[in-house]
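> Letter by letter, the chains look like this.
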Amino acid sequence: MADQEITLMKGNEAIAHAAIRCGCDGYFGYPITPQSEVLETLAEQKPWETTGMVVLQAESEVSSINMVYGGACTGKKVMTSSSSPGVSLMQEGISYMAGAELPALIVNVMRGGPGLGTIQPSQSDYFQACKGGGHGDYHLIVLAPASVQEMADFVDLAFTLAFRYRNPAMILADGAIGQMMEKVVLPPFKPRRTEEEIIRECPWATTGRIGGRKPNIITSLELRSEEMEVINLRIQAKYREIEAKEVRYEEFMLDDAEYAIVAFGSAARIAKKSIEIARSQGIKVGLLRPITLWPFPTEEVKRLAGKVKGILSLEINAGQMVEDIRLAVEGKVPVRHFGRLGGIIPDPDEVVEVLKSSF
Amino acid sequence: MAKMKGATVVDTERCKGCNLCVVACPLDVLALTSKEVNRKGYNYAHEVLSDTCTGCASCATVCPDGCITVYRLKTE
Amino acid sequence: MTREEIIEKGQVVYKKPVLLNDTPMHYCPGCSHGVVHKLVSEVIEEMGMTDKTIAISPVGCAVFAYKYIDVDWQEAAHGRAPALASATKRLWPDRLVFTYQGDGDLACIGTAETIHALNRAENITIIFINNAIYGMTGGQMAPTTLLGMKTATCPYGREVKLHGYPLKITEIAATLDGTCYVTRQAVHTVAAINRAKKAIRKAFEYSMQGKGSNLVEIVSTCNSGWKMSPEKANKWMEENMFEFYHLGDLKDTGAVK
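As given, the protein sequences belong to chains A, B and C, one line each in that order. In our numbering, each residue's number is its place in the first sequence (first place is 1) plus 77. In our numbering, each residue's number is its place in the second sequence (first place is 1) plus 39. In our numbering, each residue's number is its place in the third sequence (first place is 1) plus 37.
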């Protein structure tokens with residue numbers, strides 16, 4: 078079966094191919110290292126000639142996210158991708174989409190900051206991705222891929238979750254996952270939804286008043302405080318539901334573990350290697366890999382705290398997810414953080430040394 | 040000779056008393072009330088010289104709030 | 038013949054378009070926005086596009102345009118309406134897509150989105166209300182504020198040394214290869230209103246014919262911001278605004294071929 082073929086490609090390329098295959102209607106983006114291959118691959122694939130998917134290079138990330146905002150208003154499956162500085166520019170549009178409750182996919186292939194920073198991999202946008210990022214009380218659904226395969230698989234998953242909850246979703250990758258080549262089985266082709274399907278599935282969308290229905294208005298504005306509180310409470314209730322139903326994570330060698338590493342994305346791959354080395358030295362350590370960073374696997378970390386003697390948060394940043402781990406652990410066991418900065422990826426051996434000296 | 044007779048109906052509750060219809064009327068048919076106000080507190084437009092209206096609709100055309108409906112009838 | 042008889046037997050020569058609903062508009066008395074809302078509603082009705090229109094409202098006084106004109110609306114972030122419109126039109130190419138923006142939204146914070154959407158020849162129409170002031174925030178200087186004009190943030194009058202020159206973004210738009218129809222209109226008299234309506238109709242038709250992007254500037258009054266009566270504001274606009282912002286078509290390539 079052609080669809081099951083194993084191919085070799087970059088994570089960024091996998092995102093592009095998966096978007097075409099999962100029936101994405103529109104991609105709007107702006108070049109930035111290390112994610113430009115997403116737009117380049119789409120331009121090379123010309124999906125507008127096959128599936129009818131719109132691909133547009135915008136004049137800025139500000140514009141691309143607002144194209145995504147407009148596209149999402151129409152009920153279509155739309156997405157953008159960028160890297161850290163570009164995603165900072167997008168925060169206004171993301172906040173509007175969260176406020177207007179619109180489904181869309183934003184891919185952030187993180188690089189080191191702050192500012193223009195570096196083009197090397199980093200995980201330093203965890204706070205921005207998981208704690209809102211823009212203004213107002215909101216959350217994105219945040220998926221953290223740890224392989225090229227997951228880059229491909231999470232596109233459809235992100236759209237599914239985004240439409241299920243009418244909320245923007247983010248794939249939070251990093252420069253390593255985006256740039257590395259790995260074998261991948263691309264998802265099977267799924268046709269784009271027809272106009273009738275979109276109108277049926279998204280009765281809220283601005284499709285034009287087809288059939289003479291009442292006007293659909295998409296806005297995040299409400300000047301009456303009482304009404305605005307009701308809207309906020311409804312959105313918060315939706316977040317509680319997402320927290321209850323959509324937590325995803327992977328456990329690795331935790332059954333007999335005395336210590337645990339919590340790590341996501343590229344850091345989780347390093348953690349697995351570190352665990353192998355540590356176990357060969359008799360240290361019983363396992364891994365909890367959050368796949369959804371928001372909703373965060375709080376309950377799982379809490380359970381872990383009742384089982385192990387210490388938790389190490391391994392992140393390619395100065396310590397961001399560690400705060401969520403500490404909140405979950407509630408002081409029951411020591412929680413340490415280790416990370417490298419400036420675009421440097423931690424070495425598995427140094428992680429083992431940190432494990433030994435931390436607990 | 041045929042003559043055009045017109046009449047205007049002002050939605051006085053919608054009217055904000057901007058006076059633009061009064062200025063636009065070539066025959067001084069309309070004026071703002073001097074004392075009476077609508078529920079929003081505006082003096083509103085109303086016909087004061089009904090007989091002279093030809094139904095040219097200048098008042099309604101310039102009305103920013105779409106308050107005025109204009110009728111026209113041909114008479115001998 | 039009594040007034041009642043004329044109403045009973047006569048024909049309706051003017052009434053509020055159906056598409057402009059009964060919700061009272063929040064605009065100040067005499068505000069040009071109301072007239073343009075009427076014209077847009079009339080044109081959509083006359084083109085039979087009520088069920089195929091997607092409009093984008095700005096941030097500024099017209100932010101609530103969606104409450105008054107009964108079509109589908111998207112409320113954009115400040116200045117970003119042309120980006121929303123670009124995507125919307127590309128995703129639903131058979132829909133009538135237009136933005137409705139003020140001078141601060143379009144010619145200041147959204148300059149990039151405006152220029153690039155127009156230059157990409159997106160088949161959309163941008164309705165641009167230029168009253169040379171920020172209305173909603175309380176009368177601050179706009180990119181289009183005339184030299185010498187007083188606003189809350191240039192209380193002694195706009196001067197070149199401090200604030201630079203007013204921006205003729207419509208002239209810039211006319212130089213872009215992507216634009217099909219670029220025009221500057223006003224709505225202060227019956228004749229001007231009729232011309233403005235024709236311009237909006239033409240722009241909407243070109244955008245549906247796929248001829249490129251269209252910009253209809255309406256030089257407007259903001260009598261509250263200008264601190265004068267609606268009548269005086271119209272006069273002031275004629276005497277001051279038109280000298281700098283010349284009325285008429287700047288470009289029309291739609292009629293050719």
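Treat the hints as calculated values from the structure; they're not laboratory data. Ideal Cβ placement from N, Cα and C applies to all residues, glycine included. Be aware that a few hints might be false.
[Claimed, not checked] Taking beta-carbon pairs under 7 Å as the criterion, some of the chain C residues facing chain A (in silico):
id: 1; residue: Lys89
id: 2; residue: Glu112
id: 3; residue: Arg117
id: 4; residue: Ala120
id: 5; residue: Trp129
id: 6; residue: Arg132
id: 7; residue: His153
id: 8; residue: Asn156
id: 9; residue: Met245
[Unchecked claim] Dumping the calculated DSBU-like pairs for lysine-lysine here, alpha-carbon to alpha-carbon at most 35 Å:
id: 10; chain 1: C; residue 1: Lys269; chain 2: C; residue 2: Lys52
id: 11; chain 1: A; residue 1: Lys349; chain 2: A; residue 2: Lys384
id: 12; chain 1: A; residue 1: Lys433; chain 2: A; residue 2: Lys379
id: 13; chain 1: A; residue 1: Lys315; chain 2: C; residue 2: Lys205
id: 14; chain 1: C; residue 1: Lys89; chain 2: A; residue 2: Lys267
id: 15; chain 1: C; residue 1: Lys198; chain 2: C; residue 2: Lys53
id: 16; chain 1: C; residue 1: Lys248; chain 2: C; residue 2: Lys288
id: 17; chain 1: A; residue 1: Lys350; chain 2: A; residue 2: Lys208
id: 18; chain 1: C; residue 1: Lys235; chain 2: B; residue 2: Lys74
id: 19; chain 1: C; residue 1: Lys272; chain 2: B; residue 2: Lys42
id: 20; chain 1: B; residue 1: Lys113; chain 2: C; residue 2: Lys235
id: 21; chain 1: C; residue 1: Lys264; chain 2: A; residue 2: Lys291
id: 22; chain 1: C; residue 1: Lys187; chain 2: B; residue 2: Lys42
id: 23; chain 1: A; residue 1: Lys386; chain 2: A; residue 2: Lys322
id: 24; chain 1: A; residue 1: Lys315; chain 2: C; residue 2: Lys104
id: 25; chain 1: A; residue 1: Lys361; chain 2: A; residue 2: Lys322
id: 26; chain 1: C; residue 1: Lys52; chain 2: C; residue 2: Lys264
id: 27; chain 1: C; residue 1: Lys288; chain 2: B; residue 2: Lys74
id: 28; chain 1: B; residue 1: Lys42; chain 2: C; residue 2: Lys248
id: 29; chain 1: C; residue 1: Lys53; chain 2: C; residue 2: Lys89
id: 30; chain 1: C; residue 1: Lys89; chain 2: B; residue 2: Lys74
id: 31; chain 1: B; residue 1: Lys42; chain 2: C; residue 2: Lys46
id: 32; chain 1: C; residue 1: Lys52; chain 2: B; residue 2: Lys113
id: 33; chain 1: A; residue 1: Lys291; chain 2: C; residue 2: Lys248
id: 34; chain 1: C; residue 1: Lys269; chain 2: C; residue 2: Lys248
id: 35; chain 1: B; residue 1: Lys74; chain 2: C; residue 2: Lys46
id: 36; chain 1: A; residue 1: Lys315; chain 2: A; residue 2: Lys361
id: 37; chain 1: A; residue 1: Lys260; chain 2: A; residue 2: Lys349
id: 38; chain 1: A; residue 1: Lys291; chain 2: C; residue 2: Lys104
id: 39; chain 1: C; residue 1: Lys46; chain 2: A; residue 2: Lys291
id: 40; chain 1: C; residue 1: Lys248; chain 2: C; residue 2: Lys187
> Confirm or reject each hint.
Hint check:
Because the smallest distance between the Cβ of C/Lys89 and any Cβ of chain A comes to about 4 Å, under 7 Å, the interface hint for this residue holds. Proximity of C/Glu112 to chain A holds as hinted, the smallest CB-CB distance being about 4 Å (cut-off 7 Å). Hint status for C/Arg117: holds, given a least beta-carbon distance of 4 Å to chain A, under 7 Å. Checking C/Ala120 against chain A: minimum C-beta separation of about 4 Å stays under 7 Å; hint holds.
The criterion of a C-beta within 7 Å of any C-beta in chain A is met by C/Trp129, whose closest approach is roughly 6 Å, and the hint holds. A distance limit of 7 Å between C-beta atoms decides the matter here; for C/Arg132 the minimum to chain A is near 5 Å, and the interface restraint holds. Interface restraint check for C/His153: the shortest CB-CB distance to chain A comes to about 4 Å, inside 7 Å, so the restraint holds. At its closest, the beta carbon of C/Asn156 sits 9 Å from a beta carbon of chain A; the interface hint therefore is violated under the 7 Å criterion.
Interface hint at C/Met245: violated, since its Cβ lies 13 Å from the closest Cβ of chain A, which is beyond the 7 Å cut-off. The straight-line distance between the Cα atoms of C/Lys269 and C/Lys52 is roughly 26 Å, inside the 35 Å bound, and the hint therefore holds. Proposed proximity of A/Lys349 and A/Lys384 is supported: the alpha carbons are some 19 Å apart, at most 35 Å. A distance of roughly 22 Å separates the Cα atoms of A/Lys433 and A/Lys379; the hinted pair therefore holds under the 35 Å criterion.
A C-alpha spacing of about 46 Å is found between A/Lys315 and C/Lys205, which places the hinted pair above 35 Å, so the restraint is violated. Using a Cα cut-off of 35 Å, the hinted pair C/Lys89 and A/Lys267 holds, with the two alpha carbons roughly 28 Å apart. Taking the CA atoms of C/Lys198 and C/Lys53, the gap is near 46 Å; set against the 35 Å cutoff, the hint is violated. Of the supplied pair hints, the one linking C/Lys248 and C/Lys288 holds, its CA atoms being roughly 13 Å apart against a limit of 35 Å.
Annotation: proposed proximity of A/Lys350 to A/Lys208 holds, straight-line Cα distance about 29 Å (limit 35 Å). For a cut-off of 35 Å, the pair hint linking C/Lys235 to B/Lys74 is broken: about 39 Å separates their Cα positions. Restraint check for C/Lys272 and B/Lys42: the C-alpha separation of about 33 Å stays at or below 35 Å, so the hint holds. As the CA atoms of B/Lys113 and C/Lys235 are separated by approximately 28 Å, the hinted pair is consistent with the 35 Å bound.
Among the hinted pairs, C/Lys264 with A/Lys291 is inconsistent with the structure: their alpha-carbon atoms are about 38 Å apart, more than 35 Å. About 49 Å separates the Cα atoms of C/Lys187 and B/Lys42, which puts this hinted pair outside 35 Å; it is violated. With a C-alpha separation of about 29 Å, the suggested pairing of A/Lys386 with A/Lys322 holds against the 35 Å cut-off. With a C-alpha separation of about 27 Å, the suggested pairing of A/Lys315 with C/Lys104 holds against the 35 Å cut-off.
Using a Cα cut-off of 35 Å, the hinted pair A/Lys361 and A/Lys322 holds, with the two alpha carbons roughly 31 Å apart. A threshold of 35 Å between alpha carbons decides the hint, and for C/Lys52 with C/Lys264 the separation of about 30 Å falls inside it, so the pair holds. About 49 Å separates the Cα atoms of C/Lys288 and B/Lys74, which puts this hinted pair outside 35 Å; it is violated. Note on B/Lys42 and C/Lys248: the hinted pairing is violated, with a Cα-Cα distance of about 45 Å set against a maximum of 35 Å.
For the suggested pair C/Lys53 and C/Lys89, the alpha carbons sit about 21 Å apart, so the restraint of at most 35 Å is met. This hinted pair does not check out: C/Lys89 and B/Lys74 have alpha carbons roughly 45 Å apart, beyond 35 Å. Only pairs whose Cα atoms come within 35 Å are accepted, and B/Lys42 paired with C/Lys46 is accepted, the gap being roughly 15 Å. Pair hint C/Lys52 plus B/Lys113 holds up; C-alpha atoms about 19 Å apart against a cutoff of 35 Å.
In summary, the hint linking A/Lys291 to C/Lys248 is supported, as the alpha carbons are separated by about 30 Å, within the 35 Å threshold. Taking the CA atoms of C/Lys269 and C/Lys248, the gap is near 39 Å; set against the 35 Å cutoff, the hint is violated. Of the pairs offered as hints, the one joining B/Lys74 and C/Lys46 holds, with about 32 Å between alpha carbons and a cut-off of 35 Å not exceeded. At most 35 Å may separate the alpha-carbon atoms for a hinted pair to count; A/Lys315 and A/Lys361 exceed this at roughly 39 Å.
Our distance criterion of 35 Å between C-alpha atoms is met by A/Lys260 and A/Lys349, whose separation comes to about 19 Å. Only pairs whose Cα atoms come within 35 Å are accepted, and A/Lys291 paired with C/Lys104 is accepted, the gap being roughly 12 Å. A distance of roughly 33 Å separates the Cα atoms of C/Lys46 and A/Lys291; the hinted pair therefore holds under the 35 Å criterion. For the proposed pair C/Lys248 and C/Lys187, the alpha carbon gap of about 40 Å is over 35 Å, so the pair is violated.
Consistency note: the structure conflicts with the earlier hints numbered 8, 9, 13, 15, 18, 21, 22, 27, 28, 30, 34, 36, 40.
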